[in-house]
Each structure stands twice: as C-alpha cells, then as structure tokens.
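Chemist: Sequence:
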Amino acid sequence: MTYMLEETSEGIEKASAMGYYSRLFIITHLLPLFSAAAAAAAADPSHNYASASMP
Numbered sequence: 007m008t009y010m011l012e013e014t015s016e017g018i019e020k021a022s023a024m025g026y027y028s029r030l031f032i033i034t035h036l037l038p039l040f041s042a043a044a045a046a047a048a049a050d051p052s053h054n055y056a057s058a059s060m061p
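As numbered in my numbering, residues 7 to 61 make up the sequence shown, in order.
If you're looking for bench data, these hints aren't it; they were derived computationally from the structure.
For clarity, every value in this text was computed on a predicted model and none was experimentally measured.
Note that the Cβ used here is the ideal one computed from N, Cα and C, for glycine as well.
Taking CB as the label site, the calculated pair distances span:
#: 1; residue 1: Phe-40; residue 2: Lys-20; range: 25 to 31 Å
#: 2; residue 1: Ala-23; residue 2: Ala-45; range: 32 to 38 Å
#: 3; residue 1: Glu-12; residue 2: Ala-48; range: 43 to 49 Å
#: 4; residue 1: His-35; residue 2: Thr-14; range: 18 to 24 Å
#: 5; residue 1: Ala-49; residue 2: Glu-13; range: 46 to 52 Å
#: 6; residue 1: Ala-49; residue 2: Glu-16; range: 44 to 50 Å
#: 7; residue 1: Ser-22; residue 2: Ser-52; range: 45 to 51 Å
Produce the complete structure using the sequences and hints provided.
Modeler: Okay, here's the thing in structure tokens:
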C-alpha cells in the first residue's frame with residue numbers, strides 16, 4: 007500500500023504545516039490569557055495559589 011502525501015502549492019507537506027501552525031495559533035491565543043492571569047496573581051498577593059486543592 008502506498009501513501010501519497012498531500013502538499014500545499016508551496017510544496018510543503020500539509021500535515022506538517024497544520025501541526026506547526028496549529029501550535030502557533032494555540033500559543034498566540036493563550037498568551038494573553040496567561041498574561042492576564044499573572045497580572046491578577048500579582049495584584050492579589052494575599053491569595054495563596056499553591057495551597058489550592060485539586061478536586
């Protein structure tokens with residue numbers, strides 16, 4: 007059985023490109039959330055996040 011790789015018009019294998027760009031997309035959309043969480047933690051130093059219990 008032969009497997010044909012799909013390529014973009016630029017000659018890049020589609021699965022590799024999707025893997026790369028999906029990680030990039032997730033990181034760029036999560037970064038503002040992480041930054042906001044860090045700012046909130048810095049604004050409220052009385053909360054001990056390390057003592058939070060896991061469900």
